[in-house]
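> Next come the chains, spelled out residue by residue.
2 protein chains.
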Amino acid sequence: MIPADIKNTEIRDEFWSRKQALVRKEVIPYQWEILNDRIPEAEASYCMHNFKAAGLLNEKMRKKGDAFEAPRFTYRGFAVFPEKREDAKEDEFYGFVFQDSDFYKWIEAVGYALMTGPDPVLEETADRAIDIVCAAQLPNGYLDTYYIINGMDKSFSDLRDHHELYCLGHLIEGAISYYQATGKEKLLKTAERYADYVASLFGTEEGKINGYPGHEIAEMALFALYDLTGEERYKNLAEYFINERGKEPNYFEKEHPDMKGKPDYYHQAHIPVREQTEAVGHAVRAVYLYSGMADMARLTGDAALLNACEKLFDSIVNTKMYITGGIGATHLGESFSLPYDLPNDTAYSETCAAIGLVFFAERMLRIKADSKYADVMELALFNTVLSGMALDGKSFFYVNPLDVIPENCKKDERKTHVKPVRQKWFGCACCPPNIARLITSLGRYIYTEDENTLYTHLYVGSDTTKAVNGKLVSVSMESGFPNNGNVKIAVNGAKGSGFRLALRIPGWTNGKYRLDVTGASEKEEKDGYIYLGEFSESAAIDISFDMIPRLMAADSRVAEDNLKVAVTRGPIVYCMEGVDNGDKLRQIRIDKNVSFTEEMSGEFGYDVVTLKADAKRIIPSVSAPRPFGELYGEFSSFEEKEISLRLIPYYLWANRGENEMSVYINI
Amino acid sequence: MIPADIKNTEIRDEFWSRKQALVRKEVIPYQWEILNDRIPEAEASYCMHNFKAAGLLNEKMRKKGDAFEAPRFTYRGFAVFPEKREDAKEDEFYGFVFQDSDFYKWIEAVGYALMTGPDPVLEETADRAIDIVCAAQLPNGYLDTYYIINGMDKSFSDLRDHHELYCLGHLIEGAISYYQATGKEKLLKTAERYADYVASLFGTEEGKINGYPGHEIAEMALFALYDLTGEERYKNLAEYFINERGKEPNYFEKEHPDMKGKPDYYHQAHIPVREQTEAVGHAVRAVYLYSGMADMARLTGDAALLNACEKLFDSIVNTKMYITGGIGATHLGESFSLPYDLPNDTAYSETCAAIGLVFFAERMLRIKADSKYADVMELALFNTVLSGMALDGKSFFYVNPLDVIPENCKKDERKTHVKPVRQKWFGCACCPPNIARLITSLGRYIYTEDENTLYTHLYVGSDTTKAVNGKLVSVSMESGFPNNGNVKIAVNGAKGSGFRLALRIPGWTNGKYRLDVTGASEKEEKDGYIYLGEFSESAAIDISFDMIPRLMAADSRVAEDNLKVAVTRGPIVYCMEGVDNGDKLRQIRIDKNVSFTEEMSGEFGYDVVTLKADAKRIIPSVSAPRPFGELYGEFSSFEEKEISLRLIPYYLWANRGENEMSVYINI
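Protein chains in written order, with numbering that gives the first Met the number 0: chain D, 0 to 666; chain U, 0 to 666.
No wet-lab data here; the hints were simulated from the structure.
Keep in mind that the hints are not guaranteed to be accurate.
[What the hints assert, rightly or not] In silico lysine to aspartate or glutamate, EDC-like type, Cα no more than 16 angstroms apart, as pairs:
(1) U:LYS591 to D:GLU639
(2) D:LYS583 to U:ASP554
(3) D:LYS310 to U:GLU629
(4) U:LYS410 to D:GLU277
(5) U:LYS591 to D:GLU633
(6) D:LYS591 to U:GLU639
(7) D:LYS591 to U:GLU638
(8) U:LYS410 to D:ASP263
(9) D:LYS410 to U:ASP263
(10) U:LYS591 to D:GLU638
(11) D:LYS591 to U:GLU633
Go ahead and model the full structure; you've got the sequences and the hints to work with.
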């Protein structure tokens, strides 16, 4: 199965088109300014500066006619982000060691944006930027400005922490996107040359570097490059990276002897990948690896690898995922915690990790159309991914907690990773550009296809076509998601082609739907999809799913959620905010037989379904005197104040200023 | 007011005599083995080793006839505790920089133990140890083995982190205790010489070190030395330390320039002490400082200082104290968190901080007999301090959480400071010897006295005497605490002396008591004390307080405790444990009108009042299919399973193996 071609899928959806436009109009231009350090109030990036500096050094070398020599090596560390400085020198490196990737993510989003509609000014800007980036590449193909500027003698000497292969991965993904959008090969060739250089250096053979990326992404990027070019060497390199990970002794021990004897969960290098069954370590790294593993399983038919992917997917969704689709429960190592350990207030649930979960789910869907993958993709997308970006596209969450008391986040150091309002930009700017590249490439996640069948995973208003046995079938979808579950699909030109259309039955429907088909017949229901076939030349499909508010409870092993429920409606998870309900949300209790009223609200700039219900605010009545100071008193009874509880979609929280928020409600 | 003389107060209390015997029989001998590195399974101490090494160097110098010269300086860091090593060299320092204080705490407990009963073998051991310790002192009076061994050139160069003045404080406290117990002056003179040396070096005068302790305790120790010797110079040095703290610029910035511009809450050096109104920073440091401030306020009548002490005491008990009397809500910096931030599961609540709170409360009582101080002293003592030690006296808690799920403590790094069972011994062994010195000195906390009045703060079975106007009044108390509130006091020989007896009315009685007095008359009730006077030659007092189980609720600003209650009975806080109730304690709910049955249990080795009540275990009923994997399902109702809930005193938790525990219960 392959994903839909973004260029061939035009999104015109009331909900998603707005988000895509926001990324185009706000995020992409803003990020370009960031990359060039032109936003005074944001932390410095130095991304384009570094490419220019590396290009200058390159040019000097070329003029001298010498082979490139490492001019110096001055390690500046990577954990501390430098302050913006007036005295930045034109030939010095500044910022994080992985700063190059900021551009690569940006150009990837630019590519997707251009695929969905032309923008000559943006394209011109991108072309000029690509010239700068490509000029930084060494004659041998190497391209990482940190080492080009600071000294090539240390290149690939710290695979664990120095992200050269991570930057390669993002370069490839950005280059593919821009090539597919514009047909321009310059950046793609640069990416291929860097990949070829890496392929020449890495491997199990004597004299080669027997390592692999400290931060995964090159794996899935190389498979994508193989998918595009058909060049086996990229597939081989990706397979090599995946096969080596977790072998004894851990390669990273060579660079970092203090790791000896400690299982390397953080980099998913504790055991060989085919033996991994529990999602562990840095959550973004993990799902990027699992995505690459799924690509490899798809391309090679490796059953052991596929089995590991299935186990890891189940490990996440059955034991380590927040109800918002967020993953990575602890900020310590930005990692997965133990199964069922999902605290709501100290949650990490990084936006990028939810994005990585979308990648992983989408890759599993390419192997098998099972709605359980699409359910998780939709859940993460509508909740944690969207939560990452403010309504105006100008501020972002890195961390997506499910329970927030603003003062605690600011003053309790255990929670300082949790921000009660979205932030302008981050020094380590992974999340905003990641949101940008995901939302602009949404077209890829709506459909996958195989020879005869178009699989519909997300209900997003869009037009697409599919070639089947020499006929070009056009498919046009109207969707009320996420406000209602009414979907209309028109299929034209399919008669006699053998075309099949698979429609996902979302898990939150409990298998119920209303289907009305004209001009095609229902063939079967399998793995959460309805298969239609025997299309007439013109067919019309009405499918609708009830979106009703539901109380959801977590497995009782999630101690944090005992005696609490969350409210969902369709794919949307709801939350309560202080601005609607007053703070001290933990005093609120709902009845187990509560019923909700839906209200269409315009206060967020477009139609949003909010929920109302009767609830109680429980205020303990405490009698004086209090025996040990004022803090504790004898509980005598409680006042049960009737309140009207208002819930809004979780992804919209903190768009109306700083206040308390909670997804879970006492019951 | 002065505290009762331990030697003059014989404790014979069913509850406390057992704890004192445990410290004598188990803790003190075990600790001596630890100090000498003779417990193979415990972390190495090197405490006595270091004293011996310093003594050897001293002797060499004396033989050479040279002034002592710093032989070398090899800083080994102090944050990492060294492993036990076979190759320890006889003239090298090992362990934490504050390792000397382990001996000082031990000798302090030994002194108190000897005051309560002779033990010639223990005294002989102590005398020999004192010879070793005193031989380490330099001719000029300096005594800190870390710098004597590693190089005096760096002495007093890192007041913030290197604990030389902390060791001075513990040396003084240990020396006073041993002197009071035995009349032997050797260690006391050593302590005085070190104090004199420090006094000669520190001060605001030109050329002197204008600093103060990074870890407070010297302040209160020096006041105690002044109380004992009447030497003004010790009082002056303590006052200097207190007055300098918090002045601008922060002295520690001179040693650690990176502190510049950051308010130094951790060391309570953010503002001058008289301006401090909120308890902040490292909790043990804080209450040790406040204890010294209270000593100074008492000795000098400094109203501004007394006002600060009162404000700080209120800040703790009204906004930052767990219901168990534990303080220091966060493990980050072992510190106070913001007001009302008292999480139960990530709590720090260090045993030593509760001990320090007892010190602070006792010093406030010396200024004013107000039962609010004794209430907190009793609360901390019966709950968090006792929780620190296992029933067999062989293992200890450093951290005292109020909500524990063992697996989470072991695998969730956010909670690895929380241990689900008591530990053998700690490298940084502050808590076990601190418990030992507090429990052996309990006699000091029962009574304080002024000219005519004996104030009874704790009801502990004991005999004491008080000289009043030439008469020796004997007071004999029988107490049922903590199992029941029945107290009988016999007073003999008071006739015509003007003797008064003040009896505390515990805060948990809500001011209610039954009093039956023969041979004396009730004079007044003031600040939580009943004052009796006009004693006959022989008087008998029966006072009893109802101990009934009470539901207690925290202030609603303590978000963690919303919709939860704790159960107390008299001074004892109760908890539920998995071993009695099954795990998943967060599923348990009690009715607001719950009633408790008391049961006397013998399973802990002596009579303990346990509580039973009807409760419900709430198990959500979740319908399939679950839309996003197995973790979340639609809540349909819940099963309410009737259970018989058993509660035991909090201080006894984790004495029956590893299991869940929670103080708070859902309501």
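> If a hint holds in the structure, say so; if it doesn't, say that too.
We went through each hint and held it up to the structure:
Restraint check for U:LYS591 and D:GLU639: satisfied, since their Cα atoms lie roughly 12 angstroms apart, inside the 16 angstroms limit. Under the criterion of a C-alpha separation no larger than 16 angstroms, the hint pairing D:LYS583 with U:ASP554 is consistent with the structure, at around 12 angstroms. A distance of roughly 13 angstroms separates the Cα atoms of D:LYS310 and U:GLU629; the hinted pair therefore holds under the 16 angstroms criterion. Proximity of U:LYS410 to D:GLU277 is assessed by CA-CA distance (about 14 angstroms); at most 16 angstroms being required, the pair is judged to hold.
Between the alpha carbons of U:LYS591 and D:GLU633 the distance comes to roughly 12 angstroms, so the proposed pair stays at or under 16 angstroms and holds. For the proposed pair D:LYS591 and U:GLU639, the alpha carbon gap of about 12 angstroms is at most 16 angstroms, so the pair holds. A threshold of 16 angstroms between alpha carbons decides the hint, and for D:LYS591 with U:GLU638 the separation of about 12 angstroms falls inside it, so the pair holds. Distance hint between U:LYS410 and D:ASP263 is fulfilled; the C-alpha atoms sit about 15 angstroms from each other, no more than 16 angstroms.
Between D:LYS410 and U:ASP263 the alpha-carbon distance is near 15 angstroms, which keeps this suggested pair within the 16 angstroms criterion. For the hint pairing U:LYS591 with D:GLU638, the CA-to-CA distance comes to about 12 angstroms; that is within 16 angstroms, so the pair holds. Proximity of D:LYS591 to U:GLU633 is assessed by CA-CA distance (about 12 angstroms); at most 16 angstroms being required, the pair is judged to hold.
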